[in-house]
Amino acid sequence: MSELTFKDFETDQEVRWCPGCGDYSILKAVQRTLAAQGADPANTVFVSGIGCSSRLPYYVETYGFHTIHGRAPAIATGVKLARPEADVWVITGDGDGLSIGGNHLMHALRRNVDLNILLFNNEIYGLTKGQYSPTSRPGTRSPSTPHGSFDAPVHPGRLVLGAGAGFIARAVDIDQKGLPEILAAANDYRGAAFVEILQNCIVYNKDVFDDVVNKKHAADTQIHVRHGQPLTYGRDGNRGLRLDPRSLRLEAVVIGENGVTEADVMVHDETNHTLAGLLLELTDPLPTAMGIIHRSPRPAFDQAFWQHKPTDRRARVVDLLRHGNMLDRRPA
Amino acid sequence: MRRSSRPRAQWRRTQPQDQQQDGFFDMSVNTPTDSIPEKTSYVVRFAGDSGDGIQLQGQQFTVASALGGHDLATLPDFPAEIRAPTGTRYGVSAFQIQFGGDHITSPGDAPDVLIAFNPAALVVNLPHLQDGATIITDENAYTTQRLKRADLDSNPLEDGRLDRFTVHAIPISDLTTEAVKPFGLGAKDSLRCKNFWALGLMLWLFDQPREATERWITIRFAADEQIRDANLAALHAGHAYGETMELSHALIQHPTPEATLGNVEYRTLTGAEALALGLVAAGELADTELLFSSYPITPASSLLHHLAGLEDAGVATFQAEDEIAAICAAIGASYGGKLGVTSSSGPGIALKTEAMGLAVATELPLVIVNSQRAGPSTGMPTKTEQSDLYQAVYGRNGDTPIPVVAACSPADCFDTAIEAVRIALRHMTPVILLTDGYIANASELWALPDFEAYPPIEHTKPAPGSSGHVFERDPRTYARIWATPGHPGFIYRVGGIEKDVQTGNISYDPANHQAMTDLRRNKVRSVADFIPDQVIDQGTAKGLAVVAWGSTYGIIYQAVRECLAEGVAVGHVHLRHLSPLPKNLGTLLAGYDRILVPELNDGQLATLLRDRLLVDVIQLNKVTGQPLTVGDVKAKIRALAKPYIREASNE
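Here the protein sequences come in this chain order: A and B. Under this note's numbering, the first sequence has 121 at position 121, and the numbering climbs by one with no breaks. Count along the second sequence from 1, add 1000, and you get the number used in this note's numbering.
These aren't lab readings, by the way, just hints derived from the structure by calculation. We treat Cβ as the ideally placed atom computed from N, Cα and C, and that holds for glycine. Take these hints with a grain of salt, some might be off.
Here chain A is said to cover these stretches of chain B; the calculated rule only asks that three of the stretch's residues, wherever they fall, bring their Cβ under 8 Å from a Cβ of chain A [what the hints assert, rightly or not]:
(1) 1064–1078
(2) 1279–1285
(3) 1304–1313
(4) 1483–1495
Using the sequences plus the hints, can you model the full thing?
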């Protein structure tokens, strides 16, 4: 088979997202990742729930299953148990994955089913026309919260860390360099890989992540973490994160100021569960963490699942029928 | 197309098919010829605290009866509480068995012998007893404190309320303690052996073999010699007590004639076991592995327990995080090419409903087992009912038809499971299999089927290396091609959004939705082209029809048999296929003057028959959480069938 390009992973279906939707660039990143990894379309399955993001499987030339609201992780678990050799991707959103389907997300992660779970977080319900979502910030005005929402949002990263996710990454929808790299790493991870993608809903929550992703200040508002590398960021690369031992929090420092040296800056250890927690909750005025925040190997559920393959199945079945105390009235 | 065998078909002296030709009052063929002299069978009820090992005694007695060559049917009846407070009325657990040389299809209405381990167990079961019944009870349990626990102001052993019965008040606790003394157990552990002491006595009373119970004790307590030997001693002491008492004529042994059995192997099994075996067998017949995915719920969990650990027989089990995830994982497995099976009881089935629609829309095979229990809401989890028929046939959003089959007895679960899988794979559709708490827990004697005689189950998986389109459908079954990930020639996307009838792509086209709705309806209708004609299970083809489904089979069978013996023109028509109904059912029922529909619900099959066949029916409904009784059904048949009794009509 000749090498496939990202175009080979496009279907004949017209993509029906709003013009300017962040989903377009995520779709492209997915198709590029598949091509770059040399994915076998016959052994790749995209499973989604309901919502704008969940239309994605219709646009990828692999096996695809667009299911019901919130249940994609459960259905994908069944697909993976039936086809352990397939790469199974779950496409979900903040409403689908964290509200109606929160339970399934939690259990897919703690079981560590070998799935690549992409959560498109746009902090709004798009397909039902703009109601506030479980990740909407307090004060979000929407058709269902005309005076502004007042309930506290769920933090996707902290939630999945608590659920036992062994792979947690964060990326921005339009990052065509960083996103495919993260998606490839998620697919390579043997277990449940969770990727939160900050996605721009151009119609109902336009530029909600502007404070983080706007190119004008992104260098100062994002920190791209890399295992083994110091946690530095900033336009000049001289800003860093240091652990404040009194508060057990990360604090921003400037290398070369107030006696701070590079040795004071923490080095990213993606296997460190505690550091993952600290990085995930970084928020303004600290930079938002991007990249592979947590990755530690754990046994995958589906590896343990089909350990006892039938050898002589028919004989075993007949043996089961005859199990127990038999009354034999056959002629001698 | 072969009709799957009904339970113990070899029992039948006459084939139901032949009976349809018989004349109205020609009872010579229809009346069972195996009418037996009196007391060829007995009904025994064990009752005590849920911690007294009542169900275990019942199961062991069941195995002994079977090995003694008896036919049998059982009724476990226990509270939802795992260990209810001892000595209370609501904590009483019971196990009833009818066994003997007769053709036994029901656990019997009224016990001949009640063994009650405490005052509460005695008094709550008195209403079940007929005059002259034998009561065996533990005399040591009638202390002031325990009488109070049972809300009794006086001691029933002394206050005359047992005058109608033959009472044997035996100091079972003392005799057990005495029997196990040599083994040095503490007082509490000694008393825990009393269930085997009592079982020993009951096995003696009916001259049943003890060997299977001895084996069971030896294996169960292999790790603790002291406990093992004490329980064996208790078993033997109870048996010896019976022998001694017979010498003084205080107790009389009731040897029970053996049943007329076929030249095959038999075993006992519960409905849950039979269902598990049927699913395992169906997977093998279809050459497809199964993913059984469920969430614990009473009374359905036992199916999960029986299937767990059978990977080497081609079934993997997955305990999901909730009912919805359970069916969703099963659907995912079916999408992936292993047959998904999920199981629950009514409340859990309600949660699965949306996902059932997805399986219909995506044309995937799936088996959904509902072990029905008394509802609504949580209802009475350990009590039986047949009240989820509407839910199965009508209970989904949109026009979403799903074939529905029902098992009629514990052993029948085996063939019904195979039938459900066969329909699911033949038509690429979800199938609902209805059973209930009574069938799941009850056991009966099962003639081992000849597994080699079962035809393979066909499915629509494409040949390796082939290519094509998954939505090319078989015009007879409407089944699409069951292509799965891993197959490069059939890569496709599908989902719950309405899809183009040919390409499977999203389509909101008006004519297409009409075409898809037609297709889904016709698919389920087409199931009727493959199922056998409905037969009369027993009795006449004219007069009164008794039409029923599910677990009432055995009780109605016995009631109809007894009414036939009285000369009533009555036929028993028991439905396995509830949706679609067998094609000939309307014609078959048109031969009768009246139709009686007994059900453990408020009239659901009655509605279905009126809906589908435009016939009217007379209802007999009972929702007490208990099975019908033979007496209930006979009384109704007699009341309705008066004009059809031979003598009356000859006037």
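Q) Which hint numbers does the structure go against, in order from smallest to largest? A) none
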